[in-house]
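A.B. asks: Produce the entire structure from the sequences given, and follow the hints as far as they go.
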Amino acid sequence: MRPLFLLALPLLCLCASCSQTIDPGDMTPIGSIDQIQLVDHAGEPFSENDFEGSIWVVDFFFTRCPSVCPRLQLEMKKFAERYANEPRVQFLSITVDTEFDEPEVLAAFAEKLGLPLDNWRLTTGDPRAIRQFSEHTLKLAMGTDMDENGDIAHSTKFVLIDAKGDVRGFIDGLEESEHPRFDAMIQTLLAE
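Under our numbering, the first residue of the sequence shown carries the number 17, and numbering increases by one thereafter.
It is worth saying that the hints were derived from the structure and are not from the lab.
These figures come from a predicted structure and were not determined experimentally.
Pairs of lysine to aspartate or glutamate residues, derived as EDC-like cross-links and limited to a Cα-Cα distance of at most 16 Å, are as follows:
| no. | residue 1 | residue 2 |
| --- | --- | --- |
| 1 | Lys93 | Glu127 |
| 2 | Lys155 | Asp182 |
| 3 | Lys94 | Asp188 |
| 4 | Lys93 | Asp199 |
Distance windows between CB atoms, simulated:
| no. | residue 1 | residue 2 | range |
| --- | --- | --- | --- |
| 5 | Glu194 | Ser83 | 15 to 23 Å |
| 6 | Ile38 | Ala100 | 15 to 23 Å |
| 7 | Asp50 | Glu164 | 29 to 37 Å |
Glycine included, each C-beta is placed from N, C-alpha and C at the ideal position.
C.D. replies: Right under this line is the structure:
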């Protein structure tokens, strides 16, 4: 009987660790959404009023990005697919290359990556307003010019905004090890 128990003990420990909940960390509001006027991939307007009543995951990207953007969008896609049946969770990607990323370019990019557009809006707008939104509202640094490699500096953070329009947290979207905590943060907001 004892050898059977010794064999089962590691399995019991593994199961116990799987059932532990992940601490989302401090989710005290750290700011609120200011005015923003954007246009999405379908040519539809998007403003700060669209944040009300939904939980939003926001990131910055651009379609001709030669470095992190495709991977960042594919990581965001995992969350968008995971929450596809939860209408209270929405996704917003804002381009930092507004001169090139017109709505039809954003739509083609979304199609190329197979992004689920039922709960995700890719947007463009006035570059000054986007910079203001990134730096002053979300507290994320953003470059203005394309470098010699074709890159524009921007954050790789996923920003979590609650249904009242308050910024509740961030993770580095490229760090998969942070994704379980981000899921826990989203679940916390869904339970509020």
